[in-house]
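Participant: Go ahead and model the full structure; you've got the sequences and the hints to work with.
Chains as they are written, first to last, in this note's numbering: chain A, 1 to 309; chain B, 310 to 579.
Treat the hints with care, since some could be wrong.
To be verified - Among chain B residues calculated to face chain A with C-beta under 7 angstroms, some are: (1) 403; (2) 415; (3) 442.
Claimed, not checked - Each computed DMTMM-like pair below joins lysine to aspartate or glutamate, with the alpha-carbon atoms no more than 20 angstroms apart: (4) B:475 / B:384; (5) B:475 / B:438; (6) B:381 / A:193; (7) B:491 / B:502; (8) B:444 / B:501; (9) A:80 / B:384; (10) A:82 / A:193; (11) B:386 / A:193; (12) B:444 / B:494; (13) A:82 / B:384.
None of these hints come from the bench; they were simulated from the model. Idealized CB from N, CA, C, for every residue including glycine.
Each chain, written out:
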Amino acid sequence: MTLLIGALIIGLILALLALGVLVSFRIFSMPDITTDGSITLGAAIAAVLLVKGVNPLLATMAGALGGAMAGAVTGVLHTKFKINSLLSGILVMTALYSVNLHIMGRSNVPLMQATTLASFGESLGEWLAGGKTIHILGWPVAAADAAVLFLALIFTATAGAAMFAFFRTQIGTAMRATGDNAQMIRALGANVEGNIILGLALSNGFVALAGALLAQYQGFADAQMGIGMVVWGLASVIIGEALTGTRSLGMNIVGAIMGSVLFRLLVAIALRWGLNPNDLKLITALFVFAALVLPGFIERCKRRTTPAT
Amino acid sequence: MLALSGIRKTFHPGTVNEVRALRGVDLSIEPGSFVIVLGMNGSGKSTLLNAVAGSFFVDEGRIELAGHDVTKWPEHKRARLIGRVFQNPFSGTAPTMSIAENFALASRRGQSRGLGWALSPNLMQPLRERIAALKMGLEDRLDNAIGSLSGGQRQALTLLMATWLKPELLLLDEHTAALDPKSADQVIQLSDEVIQRDMLTTLMVTHSMQQAVSLGDRIIMMHRGQVLHDIRGAEKKRLRPEDLLDRFDEVRRRELLDESAAAMLNELYI
Numbered sequence: 001m002t003l004l005i006g007a008l009i010i011g012l013i014l015a016l017l018a019l020g021v022l023v024s025f026r027i028f029s030m031p032d033i034t035t036d037g038s039i040t041l042g043a044a045i046a047a048v049l050l051v052k053g054v055n056p057l058l059a060t061m062a063g064a065l066g067g068a069m070a071g072a073v074t075g076v077l078h079t080k081f082k083i084n085s086l087l088s089g090i091l092v093m094t095a096l097y098s099v100n101l102h103i104m105g106r107s108n109v110p111l112m113q114a115t116t117l118a119s120f121g122e123s124l125g126e127w128l129a130g131g132k133t134i135h136i137l138g139w140p141v142a143a144a145d146a147a148v149l150f151l152a153l154i155f156t157a158t159a160g161a162a163m164f165a166f167f168r169t170q171i172g173t174a175m176r177a178t179g180d181n182a183q184m185i186r187a188l189g190a191n192v193e194g195n196i197i198l199g200l201a202l203s204n205g206f207v208a209l210a211g212a213l214l215a216q217y218q219g220f221a222d223a224q225m226g227i228g229m230v231v232w233g234l235a236s237v238i239i240g241e242a243l244t245g246t247r248s249l250g251m252n253i254v255g256a257i258m259g260s261v262l263f264r265l266l267v268a269i270a271l272r273w274g275l276n277p278n279d280l281k282l283i284t285a286l287f288v289f290a291a292l293v294l295p296g297f298i299e300r301c302k303r304r305t306t307p308a309t
Numbered sequence: 310m311l312a313l314s315g316i317r318k319t320f321h322p323g324t325v326n327e328v329r330a331l332r333g334v335d336l337s338i339e340p341g342s343f344v345i346v347l348g349m350n351g352s353g354k355s356t357l358l359n360a361v362a363g364s365f366f367v368d369e370g371r372i373e374l375a376g377h378d379v380t381k382w383p384e385h386k387r388a389r390l391i392g393r394v395f396q397n398p399f400s401g402t403a404p405t406m407s408i409a410e411n412f413a414l415a416s417r418r419g420q421s422r423g424l425g426w427a428l429s430p431n432l433m434q435p436l437r438e439r440i441a442a443l444k445m446g447l448e449d450r451l452d453n454a455i456g457s458l459s460g461g462q463r464q465a466l467t468l469l470m471a472t473w474l475k476p477e478l479l480l481l482d483e484h485t486a487a488l489d490p491k492s493a494d495q496v497i498q499l500s501d502e503v504i505q506r507d508m509l510t511t512l513m514v515t516h517s518m519q520q521a522v523s524l525g526d527r528i529i530m531m532h533r534g535q536v537l538h539d540i541r542g543a544e545k546k547r548l549r550p551e552d553l554l555d556r557f558d559e560v561r562r563r564e565l566l567d568e569s570a571a572a573m574l575n576e577l578y579i
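Facilitator: Given below as structure tokens:
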């Protein structure tokens, strides 16, 4: 049960990462590898501020803001300096590795003593339940875990709703149109370069928010924690599309959240069954590869087997 | 309204691909006039439209529009003054977004975009009415993705979007060339209606002699990046498609003498 709740919480936190990837990958059709650096950046900023005793909510927001700035830098490299979008992301991600080490001062910052959103949630849960455990559907559950799960759910749902609302505003629709047809939106007076910078800032803001929350839940920030995270986000987005379809933005957002949670659950089960954790990134990459290639492959096979008329 | 003076543009200068697309264009267009731009492939007519729209900056010359010197304005800033319909029906609309959302974008052409809802009630009412007036049965499909429509429908909607806020200048770049004849007729008729109703200053590029003769009040014929003929007033009214074909033939004959030969003859005899 504890394992299940842990997987759900991490899945919900990483859903914010998936939402960020949804913005860059699906709305701007730009696989943005800045993600790998900005999730660590969010964690690093939040962790350092938390150790100094800053309010956890403020520290989390500061982490998200840092990620947004990193995304904006990628956007500027891509639009103003005309560097290929993938390379812009690689440059910023690489630079962020050093930046993150400087922020943390070492490769790992533990948060055991600090007051974090997670420790706040845990004590809130125990206070509300009046004890260490509560019973959900007859199962004994640690009140602390249940409260943190509840908090994560609220956080992610709010973020998803905010993103949905944003993309229905004037500026938000203009950003979607930028990814859909840049020529059209330019002819309608929108600054395409500005929109891409803003979009990547938004995307990496969400990613860094995930990083800040993940650090607080795990109890540490680590310089290596971002490796492969963009692929993780892609996997969640792709699973989400299989679950809810791609017809509307709302469905995409709900799908990305569900996809992240489901993917984390699958991973937790696989690890429980004895999957070597070292193989996790390999399997994630293979999964995304399959998800990208299979639809086209199946389509071709179908066409081949259809008799000529 | 629109004044071009000494416009020059060379693409890929100093390379084997060098193209001197515009070689000194001077043109002045009065408010409310509907100008047809003709010319053979490569004559610079689309380049002229793109220069006005700001798709690139010109090498030399000055572009004045509605009292502003827009020569150095980027494309998205000029969009405040200019409505555009492209040749490719896919260019003017955002395919995965709904009809209503596309119009929401068009309804703020050239204005600041804030955090207000894109689909406001005071947009939807006039939108439904004006789309119903197209008689294409699209008024009940405002939530459908615009990419699911036919080229003719998309081009008609793009025209409506470009003129939703009355533009100082309307640019139509062969906007019916990619359509089947029936849709092309519909879109041309709609264009004429909108232009007459709102008295829009218009530049329209076309390949169709028929359109050139029956529409507009002035014809500009481009050749080798310059304005070769400028037909207006009574002469334009009298013009028949055959007259235009004669002028094209004349251009073609002249084309047989390439530039170096012309320069040599010039030197020898003049």
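Participant: Against each hint, give a clear statement of whether it holds in the structure.
Facilitator: Here is what the structure says about each hint:
{"no.": "1", "hint": "403", "verdict": "4 angstroms, holds"}
{"no.": "2", "hint": "415", "verdict": "6 angstroms, holds"}
{"no.": "3", "hint": "442", "verdict": "22 angstroms, violated"}
{"no.": "4", "hint": "B:475 / B:384", "verdict": "18 angstroms, holds"}
{"no.": "5", "hint": "B:475 / B:438", "verdict": "17 angstroms, holds"}
{"no.": "6", "hint": "B:381 / A:193", "verdict": "17 angstroms, holds"}
{"no.": "7", "hint": "B:491 / B:502", "verdict": "17 angstroms, holds"}
{"no.": "8", "hint": "B:444 / B:501", "verdict": "16 angstroms, holds"}
{"no.": "9", "hint": "A:80 / B:384", "verdict": "15 angstroms, holds"}
{"no.": "10", "hint": "A:82 / A:193", "verdict": "10 angstroms, holds"}
{"no.": "11", "hint": "B:386 / A:193", "verdict": "13 angstroms, holds"}
{"no.": "12", "hint": "B:444 / B:494", "verdict": "14 angstroms, holds"}
{"no.": "13", "hint": "A:82 / B:384", "verdict": "17 angstroms, holds"}
The structure fails hint 3 only (numbered hints given earlier).
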